[in-house]
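Enquirer: Single-letter residue listing:
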Amino acid sequence: MTNEHTRDRFEQIDRLVLRSLLRPGKLYIAFSAVVLVCLGLGVFAYSRIITVAIGVTGKNNPVHWGALITNFVFWVGLAHSGTLISAILYLFRARWRTSINRIAEAMTVVAIMTAGLFPLVHMGRVWRAYYLVPYPNSRELWPNFRSPLLWDVFAITTYMLVSIMFFYVGLIPDLATVRDRSNGLVKKVYSLLSLGWRGSNRQWHHYETTYLLLAALATPLVISVHSVVSWDFAVSLVPGWHSTIFAPYFVAGAIFSGCAMIIVILMPMRKFLGLENLIEPLHFSMLCKMLIFMSLIITYSYFSEFFVAWYSGNVFEQHSFYNRAFGFYSPLFWVMVLCNSILPITLFSARLRSNMIYVYVVAVCVVIGMWLERFVIIVSSLSQDYDPYAWGQYWPSIVEWGITLGSFGMFFFMFGMLTRIFPVVAMGEVKSQLRPGPGDAGHA
Amino acid sequence: MKTIAIYVVIVAWFAAVVVAVAAFGLMQEPSMRPKQPIEYPHHTHVQDVGMQCLDCHRYAEKSIYATIPGTDICMGCHESVATDKPEIIKLTEAYRSGKPVGWVRVYQVKPHVYFSHKRHVLSGMKCQECHGPVEQMTTVQRVTDLGMGWCVKCHRTRGAPRECDTCHK
Amino acid sequence: MRDKRPILLAVFSSPQELTEGINSMLRSGHKTMEALSPIPLPELEDLLHQPTDIVRWFALGGCIVGGVFGMALQALTVLHWPLLVGGKPPLSWPAFVVIGFEMAILFGALATLAGFMLSAKLPPIAKEHYHIGCSQSDFALLVWHHELDYASIEIQLKAVGAREVRLPETEAPG
Amino acid sequence: MAPVGRARAGVILKHLIPEEDIIPGVSYWLNSTCSECPAGCGVKVRLREGNAVKIEGNENHPVNHGGLCARGQSALQALYSPARIQTPLRRNAGGRMDPTGWKDAFDLIARSTSASGSSEKVVVVTSQVTGAMRAMLERFAAGSPKFNFFVCEPLDYAPVAAANKLCFGLEAVPTYSFDKARTIVSFGADFLETWLSPVSNAHGYAISRNPTNGAMSRMIQFESYMSLTGANADERYCCPPGVETLVALSIASRMLSGTALPASEWETWRSALRPFTIERAAKAAGVPPQVLEQVADRLRSQTPSLALAGGPSSHSTCATALQVAVNLINFSAGGYGKTLTFDRAEHAPVGTYSQLLDLVEDMEAGRVSTLIVHECNPLFAFPEPERLKTAMKRAPLKIQLASVRDSASESYDIVLPALHWLERWDKVESRSGVYSLQQPVIKPWCDARHAGQALSDIMAVLPDHTTRMPEDYQQFLRERWENIPGDRSASEDSDDFWKQVLTDGGYWAPPVSRKVTLNARAAEAISDFAPMVSLSGEHVLLPVTTVRYGDGRQTGRPWLYEMPDPITLIVWDTPLLISLGTSKKWNCQSGDIVRLKCDKGFLEAPVYVQSGTHDAVVAVSLGAPSDKYASFYFEPANHPLHRLRGDIDKFSGALSWVGTPLTFEGVTGHNRLARLQGSGRQDGRGIAQTIATTEVGKLGKASRRPATLEFDLYPKHEHPVHDWGMVIDLSVCIGCGACAVACYAENNVHVVGKNECLRGREQSWLRIERFIDKGRTVFLPALCQQCEHAPCETVCPVYAAVHSSEGLDVQVYNRCVGTRYCANNCPYKVRRFNWFTYKVDPPLEKQFNPDVFVRTRGIMEKCTFCIQRIREHKEIAKDEKRRLRDGEVVPACAQSCPTGAIRFGDLKDPASQVSKQMDDPRGYAILAELNTQPSILYLKRVYHADGTVTETL
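Residue numbers (the numbering used here), protein chains in the order written: chain G, 6 to 449; chain E, 0 to 168; chain R, 123 to 296; chain P, 40 to 992.
Since the hints were made in silico from the structure, they are not lab data.
Where is the CB? At the ideal position from N, CA and C, for every residue including glycine.
Nothing false has been slipped in among the hints.
Simulated pairs of lysine-lysine, DSSO-like, Cα-Cα distance not exceeding 27 Å:
1) Lys98/E with Lys482/P
2) Lys160/P with Lys428/P
3) Lys125/E with Lys913/P
4) Lys125/E with Lys920/P
5) Lys84/E with Lys98/E
6) Lys755/P with Lys210/R
7) Lys249/R with Lys192/G
8) Lys152/E with Lys210/R
9) Lys538/P with Lys61/E
10) Lys913/P with Lys152/E
11) Lys53/P with Lys61/E
Some but not every residue of chain G turned toward chain R, in silico, with C-beta under 8 Å:
12) Asp19
13) Val167
14) Gln208
15) His211
16) Thr215
Please construct the entire structure, taking both the sequences and the accompanying hints into account.
Expert: Written out as structure tokens, the structure reads:
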């Protein structure tokens, strides 16, 4: 590799990646218009909750949580793969991550922001949400730290802040690149954002340490946050929720859905942003392997849930799972099994795995399947719990569907904005992959 | 410097929102000194005439409400006392017509609060401890926000019960 | 690195050339140098003087402080007004672990970021020397020298492949 | 009649506490007497700031002993009904009703009647009135043949009175003492719901059910639809409608052999009863003959025993025969003087259907000039509404005198507002010798007059007014209180007497003992008997009365709409109840609207498949939900009484309710029925538990809050002063739902409407669940269990759900942010969420309890053992410098319970009744294995092991 070649490759990478920051194309505008309409519908739907009451949703007694909490868990789940791919794969020195970690992290940040709204959206009296914040007040009252919901508040906030930090620290060198290639007001903005990064050896040294430490902190955080989310359910005594398997089960499910969502996002981005050279079939193959692995884990979890329910001899547990598989919500359950346990297994075939369209279809199915999984767990467990008198059924109302659509609108809109503002590929890291580094035997 | 200026602008924007919300909230609060239909001078009645709170607010030690007296109580004296003063003429008119005087409430606990005047008066509290020096006021001015913090502070210092169900209903 | 001495900036096209430039400078007794690069260059760590790494101590300290803060926040507020819930005593330690842990991570991460910004001097307080190509593909070396060395340094660096050797721009990148 | 007692002069109708001494913010209780049905239960009304906020049974009253049914409690919603008639109304030329004044109304009456001939009648049609009003009407009728009054009650009990006249020469309805009975055999009588005096019946019934001394009574029910009484029965036999008579006669026939009667009479009876063999009856009823033999033997051996007949089958063409048979059974079993007496005869005589027909004929012939309808709706109960309407049109002047608009208010010329019974002074005598007080509890808020005063005012303007009607009803009433017949015991001092009346809620004269002897001439009622229902596979309409709407007058009360029918657990609607066999035959499911052809057109309504309904029966309850608050509301498409053929029981003149054949025409649509019970299957969950009588003695000592854990992560917490607990005895819970309505009233629980109920958003804090355990129906009041380890509290992020030091799970409403996690985590699902800000139509909000916050949207709410009552009584005890007494604090549910199934008290006090009951070996906690440690202990329902078994709800 000659020096000139390196320079060319470096500049080529910059050009490729920074293209997305140039004037938006028609496609991007069309995409934004569509997602903004979705977001608008969601906002309108939420305005119904604000102006009328939470009763405009389909929730009832006994199903007090429904599609909104499903969305919460779903988006929190999606938020996990970003940090997972970034941090855990970084710790494991999986170098293939470099092309996609930025997108994954951006997805994390956007998804956790979307997720964070849902507890507020579903609250009966959102204007009292500040009661959950521990701050000194004249009432001398503090929130109840024993409540899993408060754990959620802390976990989600921590996760959001740490994810943003992690995302941002990773961005700093690239922001400097953008700064140096822009001028005028844009340059000013990127100057602010890049914090005066110079790329000095001293800065790089601390940068590396910091990135490693953040990755090391983020990794247990990823696991803890989704464990905490799962404890919202597992700590309660609702049959179908009250289960020790929930934490690993939810973490695996989160990673599963996250990987699928990355495929869903990455594939069109790669095409429309012309990143084929950076994001290669190899990456999709790796993601597919992760899908298979996670699918096996959650399939085992499904099996284990049912087995334990049967083996326990506990009438409540048994009924809850019987109801899940054969009750009112059983069609959703079986679609979920198809999407999460059967379709991903087909990716064992290398031929199918290399068929991008097939992979895409499977990824979309997994995203849907994971949404259904949360819905089935939440709703079917609640609908028939201890007291048969109080059993009931729930189906989301148009307002909830609107908000769900709006959350997708918000997610994709924010994601689109991020791709317009920040380089979609970690240029610095990709560049460093171009030279053989220590401990790397000639990859790339 | 420009950098700092931009940071300042961002912070100021959020601060402005917070202030606006707070101001809106304050506007919703009832006035601390509402205008009363009849200017009832507490200081004259207490300091000059020597009346006691319970003379008019008769049920403060019998009921959860202290109650505002009807015009018949006022007319017990004002049938003959100071009948020519404009405020008393208003009072007399109200009494004759039988229409209640539209006193504006100065102190009103929130509807979710159980507050018993009786319990507080019988425990030996002075009216002024909550209502301020009413005997020096003309129209009554509210001296507290009746917020939970205000209640709790006193309950804590006096060792009064602080169970939720003591006050919340 | 406040050094009032004059500075020279050399621009290289590759990390190898940069490394060679540093080595040649070291051989000629120039100890005060700073490399600017678009990618991290771990091999420089042995060549150039590296400051002590304080970021990890920040991380550790942040985690400890956060964990203690998290637990103390819960314990103290609960004791301030002990309310009975679910038959649990005010100090329900098992239930407090989660928030203690999250706080440890949050404070740890915040402290790490703070440590990073402090030790990497981000954002810079004063203006720093910079070469704009260093965020893309150029590798630059800043050499602090005595005025009389200027010519010899330029010759030395050009010899190992420097594209140009000049006085640095004193600009603030940020 | 008993000798007339001394008159006491100077009774002044005044309240115990003068109005000027009433302190705002303090509760006052005033006694009165319920007029929601003729039973006349004593009530007390809680007043706050001049509003009546709660109505409860009067513990001192000899009729109801403190309980009060759901319908009685809903009287407050009639008092503050948006449908109250607020001013006199008159019909204008366009046929609309215009508001007018009293004077104008009387002028109009005078003008309209001046032209009428002297022979034309003036008729007052009234709901059951007793006491002073009755005396006034009797005086009115005595004045001239021109003046007449007619008591119109859909449930007339005329066959009972007729049979007693035949048998004993007493045209009266006896009082039934269920408390003394060991065997109770009911032929269709729904005595726990609407029959005669349900609260009184339930009170006595519960006493007879005491399982501890091993002598729990046995209740046997023959009926053709599933009534609440039938669901409670130890033995329930479902027979075709009308066959009850045959069964009763056969049992009477079997019991006759050992009856002490003069030989000739015995022979008369024997020959009359000869055709009614056990075999014949058993065949018709579809039960084995041994069952009937055993019933007859039990009636004789397990004494005291009580037989009674009522319900729809008492309204048949052979109604009197049935009652005579029952009389014979009771006489044979020696029940008279023990389980039923005429000492305090119930229910003053009521006009019968044949008398009503005479009246209609008079109207048709133009012989009625003025018709005054007081608090009743003849159109509701008359089987030929069009005929009655036409007949009424012939009367030149039709006046309605009522407090609340009813479904017929549009058909009168003048509508005059009457005071609600909670706004007036009166004297009620629902049982002879029980003089109950009615006193105004609030100031009238409508321009209304006392019905008695209004009637006498109307009389005053009528031409040819010869009767000496009291000009001042108040004065008349005073005289009635001064002259109480038969009273020789009470104090001479009228002031003391009046104080006692106000304190007790009335004056109870000592019962006058009346012995009865059987008259064999009654046998003619039997010998003339012809089986009335021919069962040719067709279906028969059966109008039934339920706890909710009673005889139909209590429509327009939101609480009753939202109260689930205890059997079907359906709110709002009153579907047609059919059997599973019928539904299969018709190929329809619950909720399908079916069209049934009958003699008089069609019946179109949704069906509900209710097990326990006879295959030949289509049962329809009276009353229907209306959003207009009208009383006596019915749906013209499905009002059963308008489909009756108009058959008459010739001995009593009563209208037959049975015998309208129905033919299925098809399913015409679907109407989702809001059934609140998600599932009635327990599947081994052990929520409702039962135990056989034989097993009770074998039970070991129970322990409250069973320790399922040997090790607990957390230490136990203590309750320093009080520890509130509740014991609910499922053995005596009859499922009447009075507690649920009491809870609505006490706690400002919102009524949400049928659509919200359909979505499972009913707000009831207390509900009656209905399950089957070991083949026995169990009614289980489910409310917040106030768990010691409450799952709801832990998960609340803001401490809105916390535990009080007195062992209550309190909910701090304004702290709630509405995450609803607590409700998810409540295994009992007793938390209710305000999905919207629910509104009530004014002035219903005047009834709101000022001690309870009216919850708005987004707030979780629940039962807290009526914490406002605990607080109130703690304050009182504190004022009186004493500890709370056991039984001083009674939550609304426990107070209203007619059977005393719910007991509440302080577990910290070892001497309290609840503490003692906590050791009852029958006790169990629901879902104890979850270690929630509830504060409510349920006592298993005790059943007779040899009773009948119910498979499905």
